[in-house]
Amino acid sequence: AQSVSQHNHHVILSEAASLELGCNYSYGGTVNLFWYVQYPGQHLQLLLKYFSGDPLVKGIKGFEAEFIKSKFSFNLRKPSVQWSDTAEYFCAVNANNAGNMLTFGGGTRLMVKP
Amino acid sequence: SQTIHQWPATLVQPVGSPLSLECTVEGTSNPNLYWYRQAAGRGLQLLFYSVGIGQISSEVPQNLSASRPQDRQFILSSKKLLLSDSGFYLCALTGVGGTEAFFGQGTRLTVV
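Which chain is which? The protein sequence lines are C and L, in order. Residue numbers 373 to 486, in our numbering, belong to the letters of the first sequence in order. Residue numbers 3 to 114, in our numbering, belong to the letters of the second sequence in order.
Treat the hints as calculated values from the structure; they're not laboratory data. All residues carry an ideal CB built from backbone N, CA and C; glycine is no exception. Heads up, some of the hints might be wrong.
Covered by chain C, according to a simulated footprint, are these stretches of chain L (three or more residues, beta-carbon under 8 Å) [unchecked claim]: (1) 32-41; (2) 103-111.
To give an idea of the chain L side of the interface with chain C (calculated C-beta under 7 Å), a few residues [stated by the list, open to error]: (3) G45; (4) L46; (5) L48; (6) Y51; (7) T96.
With the hints as constraints, model all of the structure from the sequences given.
The structure is reproduced here in structure tokens:
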């Protein structure tokens, strides 16, 4: 079955540290890839998305993600995190050969210490 | 622009009681509709997925069911709630071709 895996369930960083959150998926074929963020007490919002073109995608708030097709990965990165980045991050994938059903990873809870 | 109306925002129900959560969408036609459950520490779990009226895919075996009586209406139901059904339920839509998801405000369900 199609799946989306986020291997880091909890990450704790100090401010100014670099961030990389892993996301791997098991779909073949054409995929659309997303990262969503949920700040404490708030609703999910879109950070960035990849449909086609440049595999390095820039999102809001200084986040970026790189689509590596050969590795079935779409890792999220930020060079220098801030305390305000404390949130839960979700990777999501839909695939043309899976009816475009949107499947989320289990989420990564990031805590940034001031 | 697309909007999703989901109600109620919070709900406290006794074990064994029925459930009906409604989600309606505006500003789009023939959307793909989803019910997700977000439980503490367990991420976002896909429960049901619908590509059209009367077409429901169930992703997780459970005592919940879903129906789509109209193109822009998606209903999550249960005949008898369990304690384990407590959680935060989100309705979402994606457009034709797999666009980004838009979410409703969610329903916090507590089964007591």
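Taking the hints in turn, this is what the structure says about them:
Taking a C-beta to C-beta cut-off of 8 Å, the stretch 32-41 of chain L contributes 3 residues in contact with chain C, enough for the three needed, and the coverage statement holds. Coverage of the stretch 103-111 of chain L by chain C holds in this model, with 4 residues showing a Cβ closer than 8 Å to a Cβ of that chain against a need of three. This hint holds: G45 of chain L has a C-beta 4 Å from the nearest C-beta of chain C, less than the 7 Å allowed. Hint status for L46 of chain L relative to chain C: holds, with the closest Cβ pair at about 4 Å, below 7 Å.
For L48 of chain L, the interface hint holds, since its Cβ comes within 7 Å of a Cβ in chain C; the closest pair sits about 6 Å apart. Here the hint on Y51 of chain L is kept, as its CB sits about 5 Å from the closest CB of chain C, short of 7 Å. A distance limit of 7 Å between C-beta atoms decides the matter here; for T96 of chain L the minimum to chain C is near 5 Å, and the interface restraint holds.
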